[in-house]
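S.K.: Required output: the full structure, derived from the provided sequences and hints.
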Amino acid sequence: MIQFARSAARGGSYSETIGVLVIAAVFVVPWITENPMVYSLANQMLIAITAAFSVYIMLRMNLMTFAVPTFMAIGGYTVAMLGLRHGVTDVLLLGLASFVVPALFALPLGALVLRLTGVYFVLVTFVLTEITQLVLFETPGLTGGSNGLVGMPAVTFFGIELGDNRAVLQVTIGLALVGAIVTAVVTRGLRQHFAAIEENELLAQSLGLVVWHYKAFGFVIAAGVSGLAGFALVNMLLTAHPTSFSALSSVNYIAYTIIGGKSSMLGPIVGGALLIWAGDIFALRGEYSQFLFGFLIVVVVLLARDGIVGTIYRLGVRAVSRRTSSRKSPSAALGVPNAMEPLK
Amino acid sequence: MTAESINHGGGALLEVASISKRFGGLHVFNDVSFAIPPGEVLGVIGPNGAGKTTLINVICGMLPPTSGNVRLDGKDMTGKPLHVTSRMGIVRSFQQTNTFRTATVRENISRAVRFSGGGEQVSKTIAPLIDQFELEPQLDEQSDKLPYGLQKMLGLILACAVRPKVLLLDEPAAGLERRERLRVDAFVSHARTELGCGVLIVEHDMDLVRRLCPKIMVLDSGRVLAEGPPAEVLARKDVIDAYLGAVDEEAA
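Quick note, the sequences are listed as chains W and H, same order. So for the first sequence, this note's numbering puts the first residue at 3; every next one is plus one. So for the second sequence, this note's numbering puts the first residue at 161; every next one is plus one.
Hints in this document: simulated from the structure, not taken from any laboratory. One should not assume that every hint holds.
A few chain W residues facing chain H, derived, Cβ under 8 Å [as the list claims (entries may be wrong)]: (1) Ala-197; (2) Ala-198; (3) Glu-201; (4) Asn-202; (5) Leu-205; (6) Ala-206; (7) Ser-208; (8) Gly-210; (9) Leu-211; (10) Val-212.
Computed from a predicted model, the values in this text were never measured in an experiment. Don't be surprised by glycine CBs; every beta carbon is placed ideally from N, CA and C.
M.R.: Right under this line is the structure:
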């Protein structure tokens with residue numbers, strides 16, 4: 003059990019499984035309630051978590067990306083254009099497009115931006131999202147400009163229309179589940195490679211690791227996962243609008259991951275769910291909502307440097323080791339030889 | 161990387177021809193040439209700032225040379241990226257301890273073996289080193305919790321796990337106690353005899369250089385001041401002056 007908990011918190015083999023199961027478990031929500039507030043909250047949480055997954059993938063390689071809204075926009079607008087202009091409504095086709103198109107955009111972009119690290123990478127990805135905003139506003143013929151693309155047809159699944167609140171949530175859950183599975187498979191399969199890049203890129207290279215292959219692959223997959231979040235957002239709003247993909251929203255996605263804990267896939271899930279829920283509660287306080295939201299982030303960052311999941315793990319390990327050591331003799335607990343024991 | 165270009169271990173001839181490195185107006189070193197046949201050891205010494213570490217950086221591909229070329233068994237390796245030279249067999253160690261800090265010793269070694277495309281054979285090759293450096297009981301320790309000396313030794317084992325043909329060791333004995341320095345001797349001996357590697361050692365410990373290097377090269381202000389057997393080179397006045405500073409005889 004201890005091994006299980008440790009593995010989950012440290013990003014071990016169980017954390018991905020638990021993460022995927024948690025997202026899959028949300029499928030019960032549309033069956034146990036018809037409350038539109040719950041549906042709305044669940045939609046927002048899952049979209050935030052899916053976007054945070056792509057931040058998590060990049061943070062596995064020590065790259066903090068602000069480009070998530072860019073790829074969300076590409077995924078979301080792709081879906082809106084396919085629906086509005088080409089009549090494509092099949093959720094499977096749209097889901098595939100929302101993953102593949104951002105991933106294809108990410109390939110050449112990655113070749114440019116992945117040469118950078120640290121603050122330079124942060125700045126360039128932030129600027130990239132600003133440029134995306136500009137393009138979305140200034141190309142009305144393609145993107146609808148400041149009006150966005152409105153009046154999307156409801157998506158369908160083998161001809162069944164998925165237009166009501168419950169079906170929209172089911173689509174969001176499905177997309178989040180795909181995002182979770184992709185994230186789990188990639189971060190699990192390449193754990194050692196990503197960890198080596200995160201901890202010591204120079205050493206990894208000197209041991210023969212082709213670092214940019216893995217960075218490019220991670221960037222492309224993260225873009226695809228962001229695209230899924232973009233699809234879910236556009237499907238929930240039935241509108242693709244530039245303000246849904248602002249550069250500042252990327253700060254939230256990073257906050258979800260850091261506050262939840264970036265060392266485990268459970269981090270973005272916990273962080274996304276908690277902060278969306280808190281934002282919803284704080285919204286009732288009107289003008290104080292942003293203050294309360296910011297205060298919560300400051301408190302968590304100050305008290306839980308490893309994020310919520312990492313801190314729970316650390317406290318758990320400390321409690322377990324205290325219990326184990328209290329069963330030993332006091333001298334053994336302190337790690338000094340017992341004077342009563344004969345010398346060997 | 162093609163199948164035939166992947167390193168399968170064993171030694172290889174490293175040839176460095178008329179290599180120079182300049183940063184803007186600063187000449188780090190100029191027209192340096194040498195060769196290291198398989199199983200041979202070359203020591204590179206010189207005062208701080210002579211360009212020794214930069215020389216290693218250029219040979220292994222971390223920095224491109226301004227002119228000259230590097231060949232491994234006749235293949236041009238000049239300016240190839242670090243991961244390519246490493247996979248071809250030019251492997252370096254670092255002056256400071258350089259491991260995957262939060263990974264265990266076992267994970268460090270398994271990463272090195274995995275990244276280089278090695279397998280069971282490589283594990284067998286490095287097993288004697290793990291025994292010799294007494295790392296066996298520490299295999300499940302986090303690497304940054306090891307004593308400094310063992311972290312340095314782990315760095316050397318990682319270099320060995322990449323199936324090197326030529327090893328570039330950057331001050332392997334720096335910061336080690338006298339007893340631990342003998343481990344560097346054992347490591348170099350293992351690399352030469354068991355792996356057939358050529359070894360280039362940059363080092364300030366003259367006792368170690370005398371013990372390990374049948375031939376040394378002195379770099380001073382970016383030029384080769386002297387080369388030859390240690391006893392001969394270290395007795396030269398210009399070499400002593402370069403290390404200790406020239407004595408103004410008139411003033412004396």
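S.K.: Under the criterion of a CB-CB separation shorter than 8 Å, is W:Ala-198 in contact with chain H as hinted?
M.R.: Since chain H brings a Cβ to about 5 Å from W:Ala-198, closer than 8 Å, the hint holds.
S.K.: So, W:Leu-211 near chain H? Judge it on the closest CB pair being under 8 Å.
M.R.: Holds. Min distance 4 Å.
S.K.: Does W:Gly-210 pass the interface check with chain H, least Cβ-Cβ distance below 8 Å?
M.R.: W:Gly-210 check passes; min Cβ-Cβ to chain H is 4 Å, inside 8 Å.
S.K.: Holds or violated: is there a CB of chain H closer than 8 Å to the CB of W:Glu-201?
M.R.: holds, 5 Å
S.K.: Would you check whether W:Ala-197 satisfies its interface hint, that is, whether its CB is within less than 8 Å of any CB in chain H?
M.R.: Interface hint status for W:Ala-197: holds (7 Å vs cutoff 8 Å).
S.K.: Taking the least C-beta to C-beta distance, is W:Ser-208 closer than 8 Å to chain H?
M.R.: holds, 6 Å
S.K.: Does the interface hint hold: is W:Val-212 within less than 8 Å of chain H, judged Cβ to Cβ?
M.R.: Check passed: Cβ of W:Val-212 comes within 5 Å of chain H, closer than 8 Å.
S.K.: Once the shortest beta carbon distance from W:Ala-206 to chain H is found, is it less than 8 Å?
M.R.: holds, 7 Å
S.K.: Report holds or violated for the interface hint on W:Asn-202, using the least CB-CB distance to chain H and a cut-off of 8 Å.
M.R.: holds, 5 Å
S.K.: Close enough to count: is the Cβ of W:Leu-205 nearer than 8 Å to one in chain H?
M.R.: holds, 5 Å
Checked against the numbered hints listed earlier, the structure breaks none of them; every hint is satisfied.
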